[in-house]
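Chemist: Below are the chains, spelled out letter by letter.
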Amino acid sequence: MESLSPIILTLVTFIPAAGGLLILLIPRRDRDIKLFALVVSILAFVASLHLPVHMHRELGTFKFEIDKVWITTPNIHYHMGIDGISVWLVVLTTFLTPLCVLISWTSIHERVKEFFILLLILETALIGVFTSLDLFLFYFFYEATLIPMALLIGMYGHGRKVYAAVKFFLFTMIGSMFMLAAIIWLYAKTGSFDFAIIQSAIHNGAVPGFEAASFWLFLGFFVAFAVKVPIFPLHTWLPDAHVEAPTAGSVLLAGVLLKMGTYGLIRFNVGLFPEQARRNAPWIMVLALIGIIYGALVSLVQPNMKKLIAYSSVSHLGFVVLGIFSFTTAGLNGAVFVMLAHGVATGGLFMLAGILYERRHTYEISEFGGLATTMPKYATFFLVTVLASVGLPLMSGFIGEFLVLSGAFQAKPIYGILAATGVIWSAGYLLWMYQRVFFGKVTHDVNLTLPDLNMREKVALSPIAIAALVMGVAPLIWLSAIDPAVQAALGLTQLASKVVGQ
Amino acid sequence: MIWLTGVSHAFPALLAQIQAGMPTSLPQGADYMRILPEIVLSVFGMLIMVVDPLLDPDKSHQSLGSIALVGALAALASTAWMAQYPGTAFWNMVRVEAFSVFFHFLVIAIAAVAILSSFEYLQVQRIRAGEYYALILFGTVGMCLMSSAIELVLIFIALEISSISTYVLAGFRRRDAASSESSLKYFLLGSFATAFFLYGVAMMFGATGSTNVDAISLVLRSGNVPMLAYVATALMFVGLGFKVASAPFHVWTPDVYEGAPAPVVGLMSTGPKAAAFAVLLRVMFEANAPGRFWLIWVSAALSMTLGNLGALVQDNVKRLLAYSSIAHAGYLLVAFAAQPELGTSAAMFYTAAYAAMNVGAFAVVSHFANAGEKYVSLEDYAGLGRRSPVLAATLTFFLMSLIGIPITGGFFAKFYVLSAALKSGLVGLSIILVLNSAIAAYYYLRIIVMMYMREGRGEVPVTRVPAATAIAITVCILLTLYLGVLPGRVLDFATQSARQLVSDPTVVSPSSLTLVLKR
Chain G
1 MESLSPIILT LVTFIPAAGG LLILLIPRRD RDIKLFALVV SILAFVASLH
51 LPVHMHRELG TFKFEIDKVW ITTPNIHYHM GIDGISVWLV VLTTFLTPLC
101 VLISWTSIHE RVKEFFILLL ILETALIGVF TSLDLFLFYF FYEATLIPMA
151 LLIGMYGHGR KVYAAVKFFL FTMIGSMFML AAIIWLYAKT GSFDFAIIQS
201 AIHNGAVPGF EAASFWLFLG FFVAFAVKVP IFPLHTWLPD AHVEAPTAGS
251 VLLAGVLLKM GTYGLIRFNV GLFPEQARRN APWIMVLALI GIIYGALVSL
301 VQPNMKKLIA YSSVSHLGFV VLGIFSFTTA GLNGAVFVML AHGVATGGLF
351 MLAGILYERR HTYEISEFGG LATTMPKYAT FFLVTVLASV GLPLMSGFIG
401 EFLVLSGAFQ AKPIYGILAA TGVIWSAGYL LWMYQRVFFG KVTHDVNLTL
451 PDLNMREKVA LSPIAIAALV MGVAPLIWLS AIDPAVQAAL GLTQLASKVV
501 GQ
Chain P
1 MIWLTGVSHA FPALLAQIQA GMPTSLPQGA DYMRILPEIV LSVFGMLIMV
51 VDPLLDPDKS HQSLGSIALV GALAALASTA WMAQYPGTAF WNMVRVEAFS
101 VFFHFLVIAI AAVAILSSFE YLQVQRIRAG EYYALILFGT VGMCLMSSAI
151 ELVLIFIALE ISSISTYVLA GFRRRDAASS ESSLKYFLLG SFATAFFLYG
201 VAMMFGATGS TNVDAISLVL RSGNVPMLAY VATALMFVGL GFKVASAPFH
251 VWTPDVYEGA PAPVVGLMST GPKAAAFAVL LRVMFEANAP GRFWLIWVSA
301 ALSMTLGNLG ALVQDNVKRL LAYSSIAHAG YLLVAFAAQP ELGTSAAMFY
351 TAAYAAMNVG AFAVVSHFAN AGEKYVSLED YAGLGRRSPV LAATLTFFLM
401 SLIGIPITGG FFAKFYVLSA ALKSGLVGLS IILVLNSAIA AYYYLRIIVM
451 MYMREGRGEV PVTRVPAATA IAITVCILLT LYLGVLPGRV LDFATQSARQ
501 LVSDPTVVSP SSLTLVLKR
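Here the protein sequences come in this chain order: G and P. Under my numbering, the first residue of the first sequence is numbered 1, with each subsequent residue one higher. Under my numbering, the first residue of the second sequence is numbered 1, with each subsequent residue one higher.
Just so you know, these hints were derived from the structure itself, not from any lab. Fair warning: this is a prediction, and the values are worked out from it, not measured in the lab. One should not assume that every hint holds.
Claimed, not checked - Computed footprint of chain G on chain P, listed as stretches where at least three residues anywhere in the stretch have a Cβ under 8 Å from a Cβ of chain G:
(1) 96 to 105
(2) 435 to 441
(3) 487 to 495
What the hints assert, rightly or not - Restricting the straight-line Cα-Cα distance to at most 30 Å, the calculated cross-link-like pairs of lysine-lysine (DSS-like) are:
(4) P:K423 with G:K189
(5) G:K113 with G:K307
(6) G:K68 with P:K423
(7) P:K59 with P:K423
(8) G:K458 with G:K377
(9) G:K458 with G:K441
Every residue, glycine too, gets a C-beta built ideally from N, C-alpha and C.
Sequences are here, hints too, so could you generate the full structure?
Modeler: Structure below.
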């Protein structure tokens with residue numbers, strides 16, 4: 001299989017888009033299109049498994065690298081490669097997409113062809129974000145996620161879908177403009193878009209005028225990613241986008257799109273500007289803490305199930321940011337792990353909410369009650385996912401949050417203490433929601449006749465439940481790859497801190 | 001020679017000819033090769049005029065259009081031929097160099113695509129085809145000449161040739177009052193603006209003693225720049241600023257674009273504009289006009305901001321695109337404030353990319369507008385994504401390019417301008433550009449939202465796209481994509497011609513030198 005190595009990343013990245021283009025040619029028979037999309041997305045998943053299986057997990061460098069000249073002026077390369085951080089995000093993307101196809105099987109009934117084309121193109125763009133090592137290529141994929149996602153929300157969403165789509169588009173677009181300006185500045189001074197070249201140029205002090213500009217460059221990248229994560233107070237697009245998006249859109253939005261932001265923070269903000277990252281860590285950590293607690297409190301009072309899950313994302317992603325800017329091995333390891341665990345668990349919660357919506361066409365928690373008696377299998381899956389999300393030990397959510405908290409304690413005890421309350425809050429709002437929806441008497445007669453999960457839905461949900469369990473029991477499978485990459489990233493910041501004299 | 005200098009104020013061009021030694025040398029064969037595309041276009045234009053009366057007016061659309069198209073393609077081919085003969089012709093009046101070849105290609109290609117997208121339009125709108133196509137070709141002659149002329153008076157004449165054609169073309173929907181209004185408004189304001197340009201030329205002659213760009217450049221580079229040259233620069237900028245629709249000379253744009261026939265708008269928002277930008281590049285960079293920096297800085301900032309803010313509130317797609325073209329003129333002007341070489345190549349690339357995407361967008365709009373241009377409001381585009389997926393996807397692609405999303409030409413255009421500006425240390429202007437691009441995303445997005453996320457009213461007919469329009473749109477898509485995926489070759493060419501353009505004019509023909517020295 002070694003011979004695959006140079007092209008495997010290209011394959012994984014472009015299989016979905018190629019499939020999407022092929023769908024263009026298929027006649028409009030919805031069943032064929034769905035089946036084809038499913039096959040393509042599973043194919044991409046299988047191909048992506050090659051990456052962790054064949055990855056040599058030694059320290060430092062990027063693996064499966066491919067570096068070809070794309071455009072000579074400006075000096076843009078088709079440069080891809082992954083390390084222990086990005087490899088799992090790629091797999092997370094390819095893991096969630098087939099489930100998205102399954103969950104959209106019946107809920108999308110018009111413009112089916114366009115839906116699956118957009119979904120597959122979105123998958124390619126998402127994978128591309130995690131595999132690009134050329135800043136230009138990265139920016140391209142980063143922007144490319146925007147259009148299919150906005151169209152998915154705007155065309156297939158409900159309620160105020162247009163408002164939500166436009167808001168999502170503009171927030172991200174404006175944020176990434178600042179990143180583009182920073183990227184062009186770096187290019188103007190170094191003559192390269194290559195991540196490694198720019199990194200070593202900055203490291204060796206070979207960039208003229210860098211000292212004066214570094215804060216603004218850091219901020220340019222930070223604003224773009226902070227919108228995506230989202231970090232308080234730039235989060236306001238998220239609840240709107242989530243509530244109005246179709247289920248598959250929500251799953252990918254929460255599961256993967258938000259991780260583009262946190263991934264960007266690790267790769268670029270910490271990777272390129274270690275010194276600035278350390279200097280600015282205090283206020284960023286405070287913002288992260290506000291996000292954790294604010295998100296949790298708002299979740300607590302949400303009458304709408306989907307909005308509740310959306311705000312819980314704000315809270316969980318706060319943990320990731322806190323972990324990253326704690327600059328400890330534990331914190332960063334935990335941050336990456338929370339990214340994955342949140343992708344699985346929250347993706348699962350959105351799928352479950354979507355299943356309920358298909359049956360009742362509402363997300364209002366007060367419309368339900370006592371569902372455990374009418375839909376026992378559904379209730380079981382929901383419970384597993386909720387427990388994974390609240391971070392019960394031996395479930396996926398636990399280990400990541402634990403590591404982040406211990407990292408935050410090392411950085412500053414008070415941060416750890418405050419963040420720990422977030423864990424309690426999250427148990428509060430999720431379990432309370434579970435109680436209101438599933439326990440007690442059936443309060444609305446319509447709910448008595450709700451059908452339980454069918455085969456397709458069970459097939460779609462089982463991988464989530466299994467992943468949530470395995471990640472909780474054997475986190476080392478993931479951490480063994482994450483840790484070397486985190487060590488490498490930290491090595492850079494420690495070097496920088498010695499230079500700064502901290 | 002004192003009397004000669006006195007007369008020269010009255011007849012600068014004529015005198016330049018006399019002193020350039022016209023009596024001693026007749027035009028050579030190579031001279032004609034250097035204006036070959038112009039000759040070809042004129043011949044085909046006249047051919048159309050001759051053939052037109054012989055044909056049945058109701059059936060002549062196809063055949064006349066085909067003649068015009070063949071003419072444009074022949075002119076494209078002859079441009080390649082012309083490129084083999086670099087150098088000046090007709091006593092230093094025109095010069096063939098990479099720069100002028102670039103703009104010849106661009107302008108003629110725009111004309112060809114505009115002709116293609118007019119096939120259907122003229123039939124649907126019941127417009128007589130003869131004069132229409134002939135005027136497009138004659139206008140193109142003017143635009144071509146604008147890009148290769150290095151003599152201010154010839155530039156003025158070329159400007160008038162292209163302008164007069166567009167004035168008439170703008171009024172071609174005779175039965176529609178808006179079209180006549182558009183034409184008249186364009187004509188009145190346009191002649192006023194060209195008068196400014198001419199005034200500027202006169203002042204420049206007064207200040208430097210020549211109307212030849214190279215000679216002017218030599219004087220202006222020599223050190224002591226007379227006050228008059230500043231005034232001349234400002235006046236010429238007014239005239240050209242009007243032609244490229246940059247603020248504060250932009251007020252005519254929305255009304256004229258709204259009233260003019262859609263394919264004509266596609267043409268005149270790109271062709272004459274590209275040519276005017278070519279002139280601007282010559283006057284500002286090659287002639288090294290003094291005091292240009294703040295002039296351009298303010299105009300660029302104003303154009304971007306006013307254009308984008310104006311576009312935000314438009315409900316008519318043609319008006320919206322008019323305001324967007326003002327904004328794009330602003331982005332382009334940013335390049336003019338940058339260092340000459342970087343700025344020139346960025347501006348050249350931008351004109352090409354803008355032409356490809358804007359002509360394409362207008363081709364879609366003019367197909368969709370239907371008889372009498374009934375369907376041009378934003379509401380009419382509702383639900384287009386469902387009823388005509390291909391057309392909607394095409395327009396979306398062009399709008400993406402206008403926003404500046406990667407892998408479209410529009411992205412690299414903006415990218416090069418931005419990096420030229422940053423390399424020249426124009427941080428303020430760069431920030432204004434970035435903020436404006438973000439605002440601009442909103443109104444382009446409104447069209448996309450309309451097409452895909454709103455339900456149509458059903459009464460807006462969707463007709464089949466005829467072959468000619470389809471070809472025109474496909475060409476635009478391919479070019480936009482090409483410039484977005486592999487911009488290297490075009491940029492290299494632009495960089496090379498920019499280097500030629502802004503290098504010190506060491507080789508200046510002795511005759512214009514003597515004219516300078518005699519003063």
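Chemist: Run every hint past the structure and note whether it holds.
Modeler: Hints versus structure:
Here's how the segment 96 to 105 of chain P fares: 0 of its residues keep a CB closer than 8 Å to some CB of chain G, so the rule of at least three is not met and the hint is violated. Figure legend: the segment 435 to 441 of chain P, annotated as covered by chain G; annotation consistent (4 residues with Cβ-Cβ distances under 8 Å, at least 3 required). A count of 5 residues in the segment 487 to 495 of chain P with a Cβ less than 8 Å from any Cβ of chain G is obtained; the coverage claim is therefore met, three being the minimum. With a CA separation close to 8 Å, the supplied pair K423 of chain P and K189 of chain G stays within the 30 Å bound.
As the CA atoms of K113 of chain G and K307 of chain G are separated by approximately 28 Å, the hinted pair is consistent with the 30 Å bound. Among the hinted pairs, K68 of chain G with K423 of chain P is consistent with the structure: their alpha-carbon atoms are about 26 Å apart, no more than 30 Å. Distance check on the hinted pair: K59 of chain P and K423 of chain P sit about 56 Å apart at the alpha-carbon level, beyond 30 Å; violated. For the proposed pair K458 of chain G and K377 of chain G, the alpha carbon gap of about 9 Å is at most 30 Å, so the pair holds.
Between K458 of chain G and K441 of chain G the alpha-carbon distance is near 25 Å, which keeps this suggested pair within the 30 Å criterion.
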